[in-house]
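Numbering of the sequence shown is given in this note's numbering, commencing with residue 48 and proceeding in unit increments.
It should be emphasised that the hints constitute simulated quantities derived from the structure, not laboratory data.
The structure displayed is predicted, hence computed values, not measured ones.
The reader is advised that the hints may include incorrect statements.
Taking lysine-lysine and the DSBU-like style, the derived pairs with C-alpha atoms no more than 35 Å apart in a straight line are [claimed, not checked]:
| hint | residue 1 | residue 2 |
| --- | --- | --- |
| 1 | Lys154 | Lys79 |
| 2 | Lys260 | Lys79 |
| 3 | Lys260 | Lys192 |
| 4 | Lys192 | Lys75 |
| 5 | Lys79 | Lys192 |
| 6 | Lys154 | Lys75 |
| 7 | Lys192 | Lys154 |
| 8 | Lys75 | Lys260 |
| 9 | Lys260 | Lys154 |
Label-pair distances were calculated between CB atoms; the ranges are [what the hints assert, rightly or not]:
| hint | residue 1 | residue 2 | range |
| --- | --- | --- | --- |
| 10 | Leu185 | Gln101 | 23 to 29 Å |
| 11 | Glu227 | Ala256 | 27 to 33 Å |
| 12 | Pro183 | Lys154 | 30 to 36 Å |
| 13 | Ser61 | Tyr164 | 38 to 44 Å |
| 14 | Glu113 | Glu211 | 22 to 28 Å |
| 15 | Gly240 | Pro149 | 28 to 34 Å |
| 16 | Leu171 | Thr274 | 22 to 28 Å |
| 17 | Lys79 | Gln101 | 28 to 34 Å |
We put the beta carbon where it would ideally sit given N, CA and C, even for glycine.
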Amino acid sequence: MKQSDTADSESPRSKLLLISGLKSQPSKSYAKIDFGDEYERVLLEFSLLGFNPQVAGAQLDALMLEDGDAVVCAVSLGAKVVEYSDAGYDSGVILVNPCSHPQALNKEYTFYPLFRYLAPALELASYALGWVSVLPILTDDMGDKTSIALIVDQIFWGAHIDVEFTAHENVGVVISTSDEIMLNDVLYDLYEGAHFAEINTLHGRIGSARDAKLYETAIMELLDQITT
48 MKQSDTADSE
58 SPRSKLLLIS
68 GLKSQPSKSY
78 AKIDFGDEYE
88 RVLLEFSLLG
98 FNPQVAGAQL
108 DALMLEDGDA
118 VVCAVSLGAK
128 VVEYSDAGYD
138 SGVILVNPCS
148 HPQALNKEYT
158 FYPLFRYLAP
168 ALELASYALG
178 WVSVLPILTD
188 DMGDKTSIAL
198 IVDQIFWGAH
208 IDVEFTAHEN
218 VGVVISTSDE
228 IMLNDVLYDL
238 YEGAHFAEIN
248 TLHGRIGSAR
258 DAKLYETAIM
268 ELLDQITT
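Construct the entire structure; sequences and hints are all you get.
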């Protein structure tokens with residue numbers, strides 16, 4: 048991951064480290080979310096070279112050492128980065144529609160067979176493409192350029208690699224009641240001990256003009272709970 052310029056001109060009391068999900072970059076994912084004046088937004092971007100949440104988690108830990116009072120907010124697959132870091136235990140964490148545990152994937156989801164069964168083959172194909180796989184030749188659903196390697200790695204890690212994580216009172220989880228990708232009853236079990244906020248949206252629609260305010264309200268509610 049790399050840190051981009053902060054979105055706020057001043058430096059409020061605490062930093063809010065923002066991580067996006069599959070394909071989408073945080074500058075677009077969080078564009079419609081207003082965190083108020085209390086937080087300085089820091090955008091953490093995935094590399095086009097690929098996705099490894101263990102490595103990204105270590106990078107996140109290094110940032111947290113610089114700003115011990117920072118809070119982390121991660122969407123969908125980005126939650127896996129947080130759960131591979133010490134930030135998941137030592138600081139305030141907001142996980143939005145977390146897609147970290149394969150057992151919580153909805154088998155009825157249209158693309159589940161792709162995620163679960165074709166991901167290993169796609170990984171091999173990505174390696175076979177060599178340097179072509181890391182070029183920004185694809186356009187994601189929010190208009191940013193992305194690479195084959197990044198997308199394929201994310202699908203593989205999301206569908207096949209579980210992460211050990213124990214939720215606690217400094218963790219907040221946003222659940223979408225109409226989530227088509229994740230099984231909410233499994234998420235409630237996996238994150239037992241965390242604070243929850245429910246909203247009526249599909250999965251990961253935080254960048255949507257229609258749903259952004261629902262996410263904003265839920266996130267701000269959880270921030271109040273985990274930072275006081």
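Hint check, failures only: 11, 15, 16
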